[in-house]
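Undergrad: Sequence:
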Amino acid sequence: MRERQADQQARRAREFQAFVAGAAGRLLHAATLLTGERADANPRARALLTAALAATYASWDRLRGEDPYDRTRTVLVVRYARGAWRRGRGDGGLLSRLAPQERIVLVLRLYEGVAEEQTAALLGLPVERVRTMCARAVTAVLHPPRGPAPSSSAPPVPPGALGKAASS
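All the letters of the sequence shown, read from the start, carry residue numbers 1 to 168 under UniProt numbering.
Read the hints as simulated data drawn from the structure, not as lab findings.
Pairwise CB distance ranges, derived in the manner of DEER restraints:
#: 1; residue 1: 115; residue 2: 4; range: 32 to 42 Å
#: 2; residue 1: 127; residue 2: 41; range: 28 to 38 Å
#: 3; residue 1: 145; residue 2: 9; range: 49 to 59 Å
#: 4; residue 1: 61; residue 2: 144; range: 41 to 51 Å
#: 5; residue 1: 140; residue 2: 2; range: 52 to 62 Å
#: 6; residue 1: 115; residue 2: 11; range: 25 to 35 Å
#: 7; residue 1: 70; residue 2: 39; range: 16 to 26 Å
#: 8; residue 1: 82; residue 2: 115; range: 18 to 28 Å
#: 9; residue 1: 5; residue 2: 136; range: 45 to 55 Å
#: 10; residue 1: 10; residue 2: 40; range: 34 to 44 Å
#: 11; residue 1: 40; residue 2: 4; range: 43 to 53 Å
#: 12; residue 1: 143; residue 2: 117; range: 21 to 31 Å
#: 13; residue 1: 63; residue 2: 128; range: 24 to 34 Å
#: 14; residue 1: 135; residue 2: 65; range: 29 to 39 Å
All values derive from a computational prediction rather than experimental measurement. The C-beta atom is built at its ideal place from N, Cα and C for all residues, glycine as well.
Could you build the full structure based on these sequences and the hints that come with them?
TA: Below, the structure is given as C-alpha coordinates:
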(Lines of atoms letter the chains of each structure in order from A and count residues from 1; the text may use other names and numbers.)
(Lines give C-alpha, C1' and ligand atoms only; values in the text may rest on other atoms or scores of the structure.)
Protein backbone atom coordinates (compact mmCIF):
# COMPACT_ATOMS: atom_id res chain seq x y z
CA MET A 1 0.00 0.00 0.00
CA ARG A 2 2.73 2.47 0.95
CA GLU A 3 4.73 1.50 -2.09
CA ARG A 4 1.79 2.27 -4.35
CA GLN A 5 1.29 5.67 -2.70
CA ALA A 6 4.99 6.43 -3.08
CA ASP A 7 4.80 5.49 -6.77
CA GLN A 8 1.76 7.73 -7.25
CA GLN A 9 3.48 10.63 -5.50
CA ALA A 10 6.61 10.18 -7.60
CA ARG A 11 4.54 10.07 -10.81
CA ARG A 12 2.64 13.19 -9.73
CA ALA A 13 5.89 15.01 -8.99
CA ARG A 14 7.38 14.02 -12.39
CA GLU A 15 4.26 15.10 -14.27
CA PHE A 16 4.17 18.43 -12.46
CA GLN A 17 7.89 19.05 -13.01
CA ALA A 18 7.44 18.40 -16.72
CA PHE A 19 4.50 20.81 -16.80
CA VAL A 20 6.47 23.53 -15.00
CA ALA A 21 9.48 23.04 -17.26
CA GLY A 22 7.32 23.59 -20.32
CA ALA A 23 4.96 26.31 -19.09
CA ALA A 24 6.71 28.38 -16.42
CA GLY A 25 8.41 30.80 -18.82
CA ARG A 26 5.22 31.77 -20.60
CA LEU A 27 3.28 31.96 -17.34
CA LEU A 28 5.97 34.16 -15.77
CA HIS A 29 5.78 36.50 -18.74
CA ALA A 30 1.99 36.68 -18.38
CA ALA A 31 2.36 37.39 -14.65
CA THR A 32 4.93 40.10 -15.39
CA LEU A 33 2.56 41.74 -17.87
CA LEU A 34 -0.25 41.58 -15.33
CA THR A 35 1.75 43.15 -12.52
CA GLY A 36 3.12 45.86 -14.81
CA GLU A 37 6.67 45.20 -13.67
CA ARG A 38 9.76 45.28 -15.83
CA ALA A 39 10.92 41.88 -17.05
CA ASP A 40 14.26 42.24 -15.27
CA ALA A 41 12.68 43.28 -11.95
CA ASN A 42 9.52 41.30 -11.30
CA PRO A 43 9.32 40.04 -7.71
CA ARG A 44 5.52 40.42 -7.52
CA ALA A 45 5.09 38.45 -10.76
CA ARG A 46 7.35 35.68 -9.45
CA ALA A 47 5.40 35.50 -6.18
CA LEU A 48 2.12 35.47 -8.11
CA LEU A 49 3.34 32.63 -10.33
CA THR A 50 4.65 30.66 -7.35
CA ALA A 51 1.26 30.90 -5.64
CA ALA A 52 -0.57 29.87 -8.83
CA LEU A 53 1.74 26.89 -9.38
CA ALA A 54 1.34 25.84 -5.75
CA ALA A 55 -2.45 25.90 -6.13
CA THR A 56 -2.21 23.86 -9.33
CA TYR A 57 0.07 21.31 -7.68
CA ALA A 58 -2.31 21.02 -4.74
CA SER A 59 -5.16 20.15 -7.11
CA TRP A 60 -3.05 18.13 -9.59
CA ASP A 61 -4.80 14.82 -8.91
CA ARG A 62 -8.24 16.43 -9.28
CA LEU A 63 -7.58 17.98 -12.71
CA ARG A 64 -8.91 14.85 -14.49
CA GLY A 65 -8.49 15.86 -18.09
CA GLU A 66 -8.48 19.61 -17.43
CA ASP A 67 -5.56 21.44 -19.03
CA PRO A 68 -3.10 22.32 -16.24
CA TYR A 69 -1.94 25.40 -18.19
CA ASP A 70 -5.50 26.78 -18.39
CA ARG A 71 -6.02 26.00 -14.70
CA THR A 72 -2.79 27.73 -13.67
CA ARG A 73 -3.53 30.75 -15.88
CA THR A 74 -6.97 31.08 -14.33
CA VAL A 75 -5.54 30.89 -10.80
CA LEU A 76 -2.88 33.44 -11.80
CA VAL A 77 -5.47 35.91 -13.12
CA VAL A 78 -7.85 35.43 -10.19
CA ARG A 79 -5.07 35.91 -7.62
CA TYR A 80 -3.86 38.99 -9.44
CA ALA A 81 -7.37 40.44 -9.68
CA ARG A 82 -8.04 39.89 -5.98
CA GLY A 83 -4.88 41.70 -4.93
CA ALA A 84 -4.68 44.30 -7.70
CA TRP A 85 -6.81 46.91 -5.97
CA ARG A 86 -4.09 47.21 -3.30
CA ARG A 87 -1.24 47.56 -5.76
CA GLY A 88 -2.60 49.90 -8.42
CA ARG A 89 -0.36 50.71 -11.36
CA GLY A 90 2.78 48.82 -12.29
CA ASP A 91 6.41 49.74 -11.95
CA GLY A 92 7.36 50.76 -15.47
CA GLY A 93 6.62 47.56 -17.33
CA LEU A 94 5.08 47.28 -20.75
CA LEU A 95 1.50 47.63 -19.53
CA SER A 96 2.10 49.82 -16.48
CA ARG A 97 -0.04 52.68 -17.83
CA LEU A 98 -3.12 50.47 -17.80
CA ALA A 99 -5.53 49.83 -14.94
CA PRO A 100 -5.36 46.28 -13.51
CA GLN A 101 -8.58 45.11 -15.19
CA GLU A 102 -7.40 46.45 -18.55
CA ARG A 103 -4.14 44.53 -18.09
CA ILE A 104 -6.04 41.34 -17.38
CA VAL A 105 -8.15 41.73 -20.52
CA LEU A 106 -5.16 42.59 -22.69
CA VAL A 107 -3.01 39.72 -21.40
CA LEU A 108 -5.79 37.17 -21.73
CA ARG A 109 -6.99 38.31 -25.14
CA LEU A 110 -3.76 39.19 -26.93
CA TYR A 111 -0.94 37.39 -25.15
CA GLU A 112 -2.80 34.23 -24.16
CA GLY A 113 -5.29 34.17 -27.04
CA VAL A 114 -8.30 33.52 -24.80
CA ALA A 115 -11.66 34.10 -26.51
CA GLU A 116 -13.72 37.15 -25.58
CA GLU A 117 -16.46 34.91 -24.19
CA GLN A 118 -14.06 33.04 -21.91
CA THR A 119 -12.43 36.27 -20.76
CA ALA A 120 -15.82 37.79 -20.03
CA ALA A 121 -16.91 34.72 -18.09
CA LEU A 122 -13.72 34.66 -16.04
CA LEU A 123 -14.09 38.34 -15.13
CA GLY A 124 -17.87 38.31 -14.78
CA LEU A 125 -18.28 41.01 -17.44
CA PRO A 126 -20.40 41.27 -20.59
CA VAL A 127 -18.59 40.32 -23.79
CA GLU A 128 -19.08 43.82 -25.22
CA ARG A 129 -17.37 45.33 -22.16
CA VAL A 130 -14.37 43.03 -22.66
CA ARG A 131 -14.23 44.00 -26.34
CA THR A 132 -14.33 47.72 -25.47
CA MET A 133 -11.72 47.41 -22.71
CA CYS A 134 -9.39 45.52 -25.02
CA ALA A 135 -9.69 48.12 -27.76
CA ARG A 136 -9.06 50.99 -25.33
CA ALA A 137 -6.10 49.20 -23.74
CA VAL A 138 -4.49 48.52 -27.12
CA THR A 139 -4.95 52.17 -28.06
CA ALA A 140 -3.44 53.31 -24.76
CA VAL A 141 -0.38 51.08 -25.21
CA LEU A 142 0.21 51.84 -28.87
CA HIS A 143 -0.57 55.57 -28.62
CA PRO A 144 0.49 56.76 -25.17
CA PRO A 145 -0.51 60.27 -24.11
CA ARG A 146 1.89 63.02 -25.05
CA GLY A 147 3.75 64.98 -22.47
CA PRO A 148 6.26 64.04 -19.82
CA ALA A 149 6.45 60.30 -19.36
CA PRO A 150 6.43 58.77 -15.88
CA SER A 151 9.91 58.37 -14.45
CA SER A 152 9.79 54.58 -14.74
CA SER A 153 8.07 54.29 -18.11
CA ALA A 154 8.86 51.51 -20.54
CA PRO A 155 10.13 52.19 -24.06
CA PRO A 156 7.44 52.61 -26.73
CA VAL A 157 5.81 49.40 -27.91
CA PRO A 158 6.29 48.68 -31.62
CA PRO A 159 3.02 48.04 -33.50
CA GLY A 160 2.02 44.40 -33.36
CA ALA A 161 4.36 43.52 -30.47
CA LEU A 162 1.57 42.46 -28.12
CA GLY A 163 -0.27 40.25 -30.58
CA LYS A 164 2.76 38.28 -31.85
CA ALA A 165 2.55 35.58 -29.20
CA ALA A 166 -1.20 35.15 -29.61
CA SER A 167 -0.89 34.54 -33.34
CA SER A 168 1.89 31.98 -33.04
